[in-house]
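In case you want the letters, here they are:
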Amino acid sequence: MSDHDKRNAVSAKSLHINRSPWYANLAIHIVFILFSLACLAPLALLVIISLTPENLILQNGYTFFTRELTLNAYEFLFSKPDLVINAYSVTFFIVIVGTFISLFITILYAYPISRMDFPFRNFFSMFIVLTMLFNGGLTATYLVNVRLLHLRNTVWALVLPLIGSAFYILIARTFFRNTIPGELLESARIDGASEGRILFQIVLPLSLPMLATIGLFIVFRYWNDWFQALLYLTDKKLYPLQFVMNRALMNVQYLQQNISTLSSEEAMIELAKMPSESLRMAMAVTSIGPIVIAYPFFQKYFISGLTVGAVKG
Amino acid sequence: MKHRVKIVRMFMLTLIMLSLLASCGASGATKTTQAEVTDQKADIQTATDDSTAPDVETEKKPETNPLTEDLAFVELNYYIRASEQDNAEPVQKAMDEYFRDKLNCTVHVYPVPGQEWVQKMPLTLSSGEQVDLVFDQANTGFYTNVSNNLYLPLDALVAEFATDMLAEMDVNTPGLIDAPKVDGVLYGIPCQKQTAQSEAWYFRKDICDKYEFKIDELVTLQDLEPLLITIKDNEPDMVPYYVSAGTGVHMEWTTDAIKDNPFRYEELNGAVNLLIVDLETDKVMNHYETEWDLDRYTTLKRWQDEGLINPDAATTTTGGGDMFRAGKGWMVGGGGAPTTLSTYEVLFGTEFYRWRATQPITNTYQNTTALTCITRTTADAERSMMVINLFHTDREIVDLFNSGIEGTNYIVNAKGHFELPEGMTSQSDTGYAYGFETFFGNMFLNTLWENQPEDRYVELREYNQNARRSKIMGFYVDMKNITTEYAAVEAIRTQYAPILKAGAAQDVQATLDELNEKMYANGLQKIIDEVQTQYDEFIETHGKG
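In the order they appear, the protein sequences are chains A and B.
The numbering of the first sequence is numbering that gives the first Met the number 0, which starts it at 0 and goes up by one.
The numbering of the second sequence is numbering that gives the first Met the number 0, which starts it at 0 and goes up by one.
Since the hints were derived computationally from the structure, they do not count as laboratory data.
None of these values were measured; they are calculated from a predicted model.
Take these hints with a grain of salt, some might be off.
Claimed, not checked - Below, computed lysine-lysine pairings styled on DSS-like, alpha-carbon distance capped at 27 Å: (1) B:K282 / B:K92; (2) A:K235 / B:K479; (3) B:K92 / A:K236; (4) B:K180 / B:K517; (5) B:K258 / B:K543; (6) B:K543 / A:K235; (7) B:K327 / B:K204; (8) B:K479 / B:K525; (9) B:K180 / B:K209; (10) B:K119 / B:K517; (11) B:K282 / B:K119; (12) A:K236 / B:K327.
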């Protein structure tokens, strides 16, 4: 019996052992159904609260079963076009432009250091890894961005600070190195392709799963970011969506937590101006909307991208 | 051999990259290090963007009154802790015009909301950006910022450019200017408002009249109990005593335990939630170890058991104001200043009785809650002081900053009072309401709003003049040597405080013991010893009283 046959026999046997009896199947299903519910329930609650009238929330607290539904919060939200529509367009701009530039830079850095014939590949790999281990810290970063690059109150303050990520570059490098055979590049070169042509017409089309994966990561990074806006922006017109939402939610939390250390009169007055409970939930719903729709679109690449990214024999 | 060449080459490359980076960062870095130079005048110039600042900055004071001189135009930046407003631009424009006329400058207002302040301001201040005027208070790091040398000493500037302001302060808020001094040097100009601290409850008038409550006769926390029971029995929809997580009884509230001697303890500025000093023995104490705390928290526990406090008090984040507005509350807490009463009546749209649960005391804590500082990165320190002076003496700018523009944000009625424009229900509706009037300048200069009592500021002035003065005015805890310990102890304290304040502790004495034990294990004794030393030194140099 050859090795090959033996292995087949073993796998057939283990397949049989692995076939679960019905009760185990049932248990596993129940566990996972419960798990899914645990993930979905808070989201459902969020949506329901955003539709509940404010006085009912104060009287009954948060509940799944509300007596009345209303669209008041959403009406109010969209009655302030500056607030939401402007923020949406800023966010879309930074997500689209930022993702494009960021992906481009990632590729341009990762591809050369993946090539065995590039002389300084180890140096540049170390160089980018170093930025993962050590960074300038908040103050130094802030100084460079504000005083040197003059990013304050420009939309680029939301794009540039997040443009490069050592981690994504390393993922991309590993992908290029492991998946694109050196022979392919060699034959292309023999056929007379330039380096640019090799990268854009041969390597990148073969790397779609990785590009989609990293692209998705970067999209999320830009979509979810509010900290850059907090640091660099004072111009209302440039606020991205997440910052507007985050600010509204955090402000209320801050005031409530610090009501005893602030002058209570100040806190009372500030709190009276804050958006109501249901409005805050409506904001949260609004801010997750589009990204939830984008996710399934990326998902098939996302899964295969991760598999391919792992080390294979 | 080949290998070594490679290493050398790589090393060179690193050097080149590093030097590139270094030269890029240089302009920013030198500016901040220079800001550390103590010579005030010299570094005002280097730290600012335009090193062509006029000769106004020289050490010699000009002989002539600078207000009459031709001042070079300068743009000033003023950072305040307030939420951003929907429609602040017209007011900003009007302010620019005003300051251009008066001082040939502009003052651009940058509002930074409360929770962002802590993250944003240290960066802004230490990055060498041009910040001229900035709001600060003991809670947001005033003393740290002073010891980090971010602010300019103001005594000379005040003496030269703000004597009018001092005259106003003597009338409205006697002794105010001494409170924020650090080692005898003034670094922040306090707002002229209530100088005395007291805590109060505001009770709905209609409810009190209905059950014939005698609010005037209340003295201690325990006196409140029969009232709460009445509410519980007769108003099923109301929570008699609503507490949301972490709020509730302020630590120095009068209880039965200190009824006879309410001024025996004083809070220590800089550690108000943790430490108090016993003025009879001059001992710095952890207030969780006092009889007073035991008494207070035992009472709260009894109330919780009797159903007088909402059961979710330790965790809920819905504020007392929201509950009140939803009709579930009949009392709401706040400061004891006379102005708060009318502010609340407008805010909640109902009439109130006030009960001051502590006697007003003029102390360091209250008078370091609203400071205006001039930073080391200012473009023009003297002009900034002139701006502060106007904030304290000119009704026009105070009204403009607080109430906005006539016609847009308010209208003037026959009596000369302000009123909301038609169709508006609150100042926020007009798109401009920083709510900053108690944080800068001179509150007494505000023109009255129609719904405010005629004697609003007369009453406030009396309140300030009659309040008891703290025995340790000017004392603050310098956390420099005990930062780590204090952070650790605070983390523990904030974990237990909501439980105690909600009356949710099963056994109050045991919970307090557990809390104290944990705090001592994390360095509380070191904090107490350090503060005791500072306190003793303070008493020795300043005396008590």
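Comparing the hints with the structure gives:
no.: 1; hint: B:K282 / B:K92; in the structure: 54 Å, violated
no.: 2; hint: A:K235 / B:K479; in the structure: 37 Å, violated
no.: 3; hint: B:K92 / A:K236; in the structure: 18 Å, holds
no.: 4; hint: B:K180 / B:K517; in the structure: 34 Å, violated
no.: 5; hint: B:K258 / B:K543; in the structure: 23 Å, holds
no.: 6; hint: B:K543 / A:K235; in the structure: 50 Å, violated
no.: 7; hint: B:K327 / B:K204; in the structure: 15 Å, holds
no.: 8; hint: B:K479 / B:K525; in the structure: 13 Å, holds
no.: 9; hint: B:K180 / B:K209; in the structure: 49 Å, violated
no.: 10; hint: B:K119 / B:K517; in the structure: 33 Å, violated
no.: 11; hint: B:K282 / B:K119; in the structure: 38 Å, violated
no.: 12; hint: A:K236 / B:K327; in the structure: 39 Å, violated
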